[in-house]
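Engineer: Next come the chains, spelled out residue by residue.
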Amino acid sequence: MRNTDSRKYVIALIFAIIPLIFIVRLFYMQVVDDQWKERAATISENKILTYPARGIVYDRNGEKIISNEVYYDIHIIPRQAKNTDSVALVELLGITMENYSAKMAKAIDYSSKKPSEIVRQIPPNEFAQIAPELYKYPGFFEVARTLRVYPKKIAAHVLGYMNEASPADIEKDPYYKPGDYIGRTGIERMYEEQLRGQRGVKYYLQDAIGMQTGEYENGDYDTTARQGKNITLSIDWELQEYGEKLMQNKLGSIVAIEPSTGEILAMVSAPTYDPNLLVGRHLGVNYGCLQEDTLLPLQNRSINSAYMPGSIFKTVMALIGMQEGVITENSSFPCNKSLLGCHNHPTAQGVSDGVKMSCNPYFVQLARRIIQQGKDPSVFKDAAIGLDIWAEYVRSFGIGVDLKTDFPTNVHGNVPDTDYYNERLNFRWAFSTIQSIAIGQGEVLITPMEMANLAAIISNRGHYYYPHFIKDIEGSEVPEMYLTPNYTMVDSQYFEPVVDGMSRVVNESGGTARRARIDSIAVCGKTGTVENFKKINGKVYQLTDHSNFMAFAPRENPQIAISVFIENTGFGGTWSAPVAALMIEKYINRTIADTAKENRIFNANLIPDIDDIIRK
Amino acid sequence: MRTQENKIFKNIDWALFGVYLVLVLLGISNIYSSVYDPDKPNLFDLDTEQGKQIMWLGVALFLGLIVFFLESNFIRKYAYWFYGFTVLLLVGVLFMAPINGARSWFGFGGISIQPSEFAKIGVALALARFIDQNSSSKERKKLGKNSGISGLWGIVPFIAKNKSTALILAIPSALVLLQPDAGTFIIFTSFLLVLYREGYAGNILLFLVISVIIAVLTLLVADSNFMLPFTKMQLSGKTGIIIALVLITGVFAFVIKSFVMKRNRKSLYRSVFGSFIVAVLFVNFVEIGYTNILQSHQKERIDLLLGKIDDPDGKGYNINRAKAAIGSGGFIGKGYQSATLANASQRHVPMQSTDFIFCTWSEERGFLGSLFLIGLYTFLLFKMVVIAERQRSVFTRVYAYCVASIFFYHFMINVGMAIGLAPVIGIPLPFFSYGGSSMMSFSVLIFILLKLDSERKIVLQ
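Chains E and C, in that order, are what the protein sequence lines are. Last residue of the first sequence: number 616 in this note's numbering, and the count goes up by one each step with no gaps. Last residue of the second sequence: number 1077 in this note's numbering, and the count goes up by one each step with no gaps.
Just so you know, not all the hints are guaranteed correct.
Pairwise CB distance ranges (calculated) [unchecked claim]:
(1) 626(C) - 42(E): 53 to 61 angstroms
(2) 926(C) - 174(E): 41 to 49 angstroms
(3) 27(E) - 790(C): 47 to 55 angstroms
(4) 132(E) - 653(C): 46 to 54 angstroms
(5) 42(E) - 870(C): 19 to 27 angstroms
Pulled from the structure, derived: some chain E residues nowhere near chain C, Cβ distances all over 12 angstroms [what the hints assert, rightly or not]:
(6) 10
(7) 36
(8) 43
(9) 120
(10) 200
(11) 205
(12) 220
(13) 299
(14) 433
(15) 445
(16) 557
(17) 589
(18) 600
Simulated from the structure, these hints should not be mistaken for laboratory data. Owing to the predicted nature of the structure, the values given are computational and were not obtained by experimental measurement. Each residue gets a CB set at the ideal place from its N, CA and C atoms; glycine is no exception.
So that you can see chain E by itself, here it is in the shape it has in the complex:
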């Protein structure tokens, strides 16, 4: 027999090689290669997001103006669904079978292991009916999310609304996930980052069908949802509500500012709408209705519309004239109606008179002195130099520039300068071409916000703070820029004659805003009346003038500066002045002495009838 004894070594070798191969392979898999660890993590770990409540918004007196309410979304993890009685489920959830089938198909298409939404925003009272039944449908579960609630149905334009984050939003900020809500306009958009809070994440271990079986690493990596920061706005909620009540059945705006801080006390745009309409499931439908309304309720007229300022602009002209030294406070100009139409009044003996009487020829002559200062022999070049000097002054009053208001807008007024006219006029121009700017008509445009700021500037005798809404952010500071004054190019000493004129407008017989007088408060104001035109069916009609008023009070240590703008209501003193006065009285005295005055406003329906206009 051949000796086969050495074969035992072959067998031993085989018994050694295979374990060695295994050990090398295991070392590679378990120690060297991270691929399987990552794979294991995607298989066995999952996370759920917990949504924070959005920050609460308070008014300047600590009243809650936006709060949250919990709503429930129903989600499905398709893989966990078993024997779903879809007929009963559809009835329970109150949706149609088609809707359900479509959502389910979409969910399965998206992922069998990840949750997809089936029904959105079920209010708590409806969810109370659903919750006890939901256990019968494995794979279906609720996700609690908060939605905005507006206890008072006011300030829709200021607060803004939220809707679902668009793909563009998601691309811009990876924080957002499809289905998230994002502040779209107003304060909700402006303070989105502060209000939204921080989503929480809970990692968990899941089994093969995706059911949660335990915490991941004892929850060491979990984060709790952090509630959004609460913010306090400068708005006076009572004043805001009162303003909206006054503006019912009118088109226009009110902006009220605290001159000593630049804080916005009220911002009314009429017509308005109930902010609760643009919350939750019915947002789409309601938004559509509001968008189609011809009165443009979605338009925030107080900050997103620019109008001609009308006569209120005369205050600015007077101030520039005095600073430039082309007039003194006692300069007098004859009421030369050949220059421009005017009403009958005594000759203005100085700036105060001019403002009080709102004499058109006075300001045209004043403006000529500002624009045509004779710095160049050519009348055209001279006008160009003068106009640019003038434009720089006007901009220093916050007109036509960015007021840095914490409100999403890019609408500013307009201050025409040399470039502006050169671009638009195809002939050589001098003062006579552009003289209507002297009285706030023509190319000068101003937003109601800028107008209120102008009132604040005059009340402060020459400086202003950027108008802003923010008064306090939980855990952080109000931006420095809102605490620093901005000075106009006009020295404070020149303001007194204008203030005096504005006081006489309200308080002296022959003033244009006698309706703004309040016995207990020294109100100063200036009316404006603005021509306007509208194209209806291709034909241009001249509409009733816009009524316009700016005011501040009291005369010394002013507490409120205000602009009121009411479309198509004629002379500024008739409607806008009394509205401003009521607002001032409400803010300073917290009560109205003469209720007849406010009833007159409450009951007035001043919305122009388009048919009437065409008939005329």
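On the provided structure of chain E, position chain C as indicated by the hints.
Structural biologist: Frame of chain E; chain C shown alone:
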């Protein structure tokens, strides 16, 4: 009595018994971790798998005790009887109702017994007995003379000249294939190692290695085509392999013609051309078997192993989860009862308490644990080889090699499968996989070996 007991337990190889005990206890603790249910924390709860496994261990130890009270001669004498009994069981099981498509189980009210596990013992005993009886036969001597390359050619007449040996293996192999139970069939091929050690068919291992290489190449190209270089002829993968074989044969023939003395050439030519024909037949067999005979799931498993398809969440689900579990164990593991994949409550790894039990161990104990366990098994295998080689009795030596080969195959395929080096074949990891039949059969295999070994010195009496 005392002397009697002393005699029975005298000369026991305590090291082997110790490794056995350590493996069994680690196995149970691992099953306990793998199936842990907080509602049933009791280790001995018979509703749980670890509880049942402990019960089966008890039964196995009882069977071991019986083995110890038997005479070695009795075991040797009745080896064929036991073999016959297990073959009868394999026949009988074919008349049972199929479970999961295979007729592999006898059910006795709640308890299922898998006769193929016991068939391993039967075959091991019968093979040992047969070789023992024929240890001086002329036939084997003749075969033993075949060596060198011509040994390859000797494989073909191997079966013809060893009909009885072949029959002992072929009958139970055919019966388990009828169940069908491919796993146990593959285990039966482990006895080729024993035959090799006992002097049969010298180059059977070389033959096996070449076969595996040809088979893998054939499977890789089985259903693909390629373009013959410099021509526009489309050829199937199989044709390519055969062309390669022709070229290799040509090279060998050239080498023989150039360097071998004339008188030796004839037999070498015969070997080379014979091998060529066998190889061509084998390629065709593998190709036809792969495309026509294998069931689609078996085909998929092969494709997955060879990397022909990659479908981690579908066809490759099992193996992908198993590898993720093992790989995520890291160097020191996630800790006892802390598996996040190979765990009964997570259920990511299918069959994690039976076929894929290695995943739980490896995930919880990490590379260090894997190293330790592989070390234990390797120690066990070497211990068996040492035991086999110290026997004076051919019967015991052959039996010891049988046991070593069976354990080796189970270890190699089960662990290899879990780490993606072997196709998915459902066979248990000895003492670790949950299952009564395998616990009993592996234990009895060890106990018979311990008993036979303990009497190694009295064999010649």
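Engineer: All hints are to be evaluated individually against the structure, with a verdict given for each.
Structural biologist: Hint check:
no.: 1; hint: 626(C) - 42(E): 53 to 61 angstroms; in the structure: holds, 58 angstroms
no.: 2; hint: 926(C) - 174(E): 41 to 49 angstroms; in the structure: violated, 31 angstroms
no.: 3; hint: 27(E) - 790(C): 47 to 55 angstroms; in the structure: violated, 41 angstroms
no.: 4; hint: 132(E) - 653(C): 46 to 54 angstroms; in the structure: violated, 29 angstroms
no.: 5; hint: 42(E) - 870(C): 19 to 27 angstroms; in the structure: violated, 56 angstroms
no.: 6; hint: 10; in the structure: violated, 7 angstroms
no.: 7; hint: 36; in the structure: violated, 2 angstroms
no.: 8; hint: 43; in the structure: violated, 6 angstroms
no.: 9; hint: 120; in the structure: holds, 30 angstroms
no.: 10; hint: 200; in the structure: holds, 22 angstroms
no.: 11; hint: 205; in the structure: violated, 5 angstroms
no.: 12; hint: 220; in the structure: holds, 14 angstroms
no.: 13; hint: 299; in the structure: holds, 53 angstroms
no.: 14; hint: 433; in the structure: holds, 77 angstroms
no.: 15; hint: 445; in the structure: holds, 63 angstroms
no.: 16; hint: 557; in the structure: holds, 70 angstroms
no.: 17; hint: 589; in the structure: holds, 70 angstroms
no.: 18; hint: 600; in the structure: holds, 75 angstroms
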